[in-house]
Structures are given as structure tokens and as C-alpha cells.
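Undergrad: One letter stands for each residue in the lines below.
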Amino acid sequence: DQQVKQNSPSLSVQEGRISILNCDYTNSMFDYFLWYKKYPAEGPTFLISISSIKDKNEDGRFTVFLNKSAKHLSLHIVPSQPGDSAVYFCAASADYGQNFVFGPGTRLSVLP
Amino acid sequence: DTAVSQTPKYLVTQMGNDKSIKCEQNLGHDTMYWYKQDSKKFLKIMFSYNNKELIINETVPNRFSPKSPDKAHLNLHINSLELGDSAVYFCASSQRGRRDTEAFFGQGTRLTVV
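Protein chains in written order, with the working numbering: chain A, 1 to 112; chain B, 1001 to 1114.
Keep in mind the hints are simulated off the structure, nothing from the lab.
All values derive from a computational prediction rather than experimental measurement.
Misleading hints may appear alongside valid ones.
[Claimed, not checked] Keeping only pairs whose Cα atoms sit at most 20 Å apart, straight-line, the calculated SDA-like set for lysine to any residue is:
no.: 1; chain 1: B; residue 1: LYS1044; chain 2: B; residue 2: LEU1054
no.: 2; chain 1: A; residue 1: LYS56; chain 2: B; residue 2: THR1101
no.: 3; chain 1: B; residue 1: LYS1044; chain 2: A; residue 2: PRO104
no.: 4; chain 1: A; residue 1: LYS5; chain 2: B; residue 2: LYS1041
no.: 5; chain 1: A; residue 1: LYS5; chain 2: B; residue 2: PHE1042
no.: 6; chain 1: A; residue 1: LYS37; chain 2: A; residue 2: ASN7
no.: 7; chain 1: B; residue 1: LYS1040; chain 2: A; residue 2: GLN6
no.: 8; chain 1: B; residue 1: LYS1044; chain 2: A; residue 2: ALA41
no.: 9; chain 1: B; residue 1: LYS1044; chain 2: A; residue 2: LYS56
no.: 10; chain 1: B; residue 1: LYS1044; chain 2: A; residue 2: VAL13
no.: 11; chain 1: A; residue 1: LYS37; chain 2: A; residue 2: VAL87
no.: 12; chain 1: A; residue 1: LYS37; chain 2: B; residue 2: SER1039
no.: 13; chain 1: B; residue 1: LYS1044; chain 2: B; residue 2: GLN1014
no.: 14; chain 1: A; residue 1: LYS37; chain 2: B; residue 2: SER1005
Start from the sequences, fold in the hints, and give me the full structure.
TA: In C-alpha cells form, the structure reads like this:
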């Protein structure tokens, strides 16, 4: 039973354009959401997070949007750069920032 | 200065063997985890360990056992290795009780059982 879903296994975007990665969740107890970026042969690295009391959080080129009623969040990267090419994992927690549940990931390719 | 480090990075072993993967964090966190990334690339939590409280994912076989000599270490011991145990194993840590916190991950250990 997948509690966190990322329905697009891959996404290709032209350099300079916007990348939009989507994530859906089923557990209404989740109250904290994160995005991680992963390069091959490395561990996931934290990118940006959002608490359920907010609907938007921005950090430089990265913005995360949360729609609680739809149980949906998205990560916007603008402008996209070739160095953003990686696998992006959506994660959620119902436990004060513990026991993070991960989605299956979306492989983003930013084409020069 | 690596925040979460795990060793070895690669481990190839035969079926039936017993092996351990070590993990150390220097972040002062009080909660550590083991995650397994399977062939389908899903990252699934195996264990969560906080101040001697162990939470086990019920799907994890009891051949897997975490051992924590102190707050900064959480090692993973695997008995009687099987082919299906081949995966990448990630150690992670976080600080309990802080709402806006994230888990920090090690670089992963690629385990291959032959």
C-alpha cells in the first residue's frame, strides 16, 4: 500500500524552462512533507520542505506547493538547469519529522 | 566532514553468510533509521531507533537486526543472507521533536548476494 505516490517515473525539460514534479499522498495524518534529490551512487539530499499549516514554501529556484484538500504537492524548479538532473523523491511524515515515508521517485532530465 | 557515514559502500557476499553494515552520525541527532532501496527504486523504511525505542517495519524479516552501541551509531546486522536481500541500504538520522526537520542520509551500501 503506497502512501506516497509519484505517478511520473520520468520527466524531461529544456534548460531554462520550468520543471514541475508531482506527488500525491493518501494518509491524512501526514503533516510534514519534504523533497529530496538523489544523484547516482549517493544518498538522498534534502531539498525543501513544507509544513501542513502552509500552502507554499520557496527557496531560491525551488518552490513547493501543498494542496491539503487534494492531498497533493508539487515541486517547481525554475529556471531548470542541467545540474538539476537527478531523481527526486517526495517524502512525508506524520510523526513530528520522524519516520519519513518516501514516494518511488521521479527522474528529471534537464536538457541543454 | 561527513554528517552520516556508512561502511562499506559496496558489499558482495554469498548466500547464507552473516554480514554487518555500520552507520555513524555526527549531527547529534537522537533518531536513526535504516532504509532499503529495492530493485524498483522504492525507498522503504526498515527500522527507526530513538533513545532505545526500536520501531520495526513489520515486513522486515527477523534476519535483520539493528544494533546501537550508542546514540551516534546504528549498525545493521543481517543473518543468513538471501538473494532477495540484494539492494542498496541507506542509513539516516534526524532530530525528534523538531517540526521543521529533515532526515540526513548516508551515501548508501550496495549489497549484492550471490
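Undergrad: Does the structure break any of the earlier hints, and which numbers would those be?
TA: Hints 9, 10 and 13 contradicted; others consistent.
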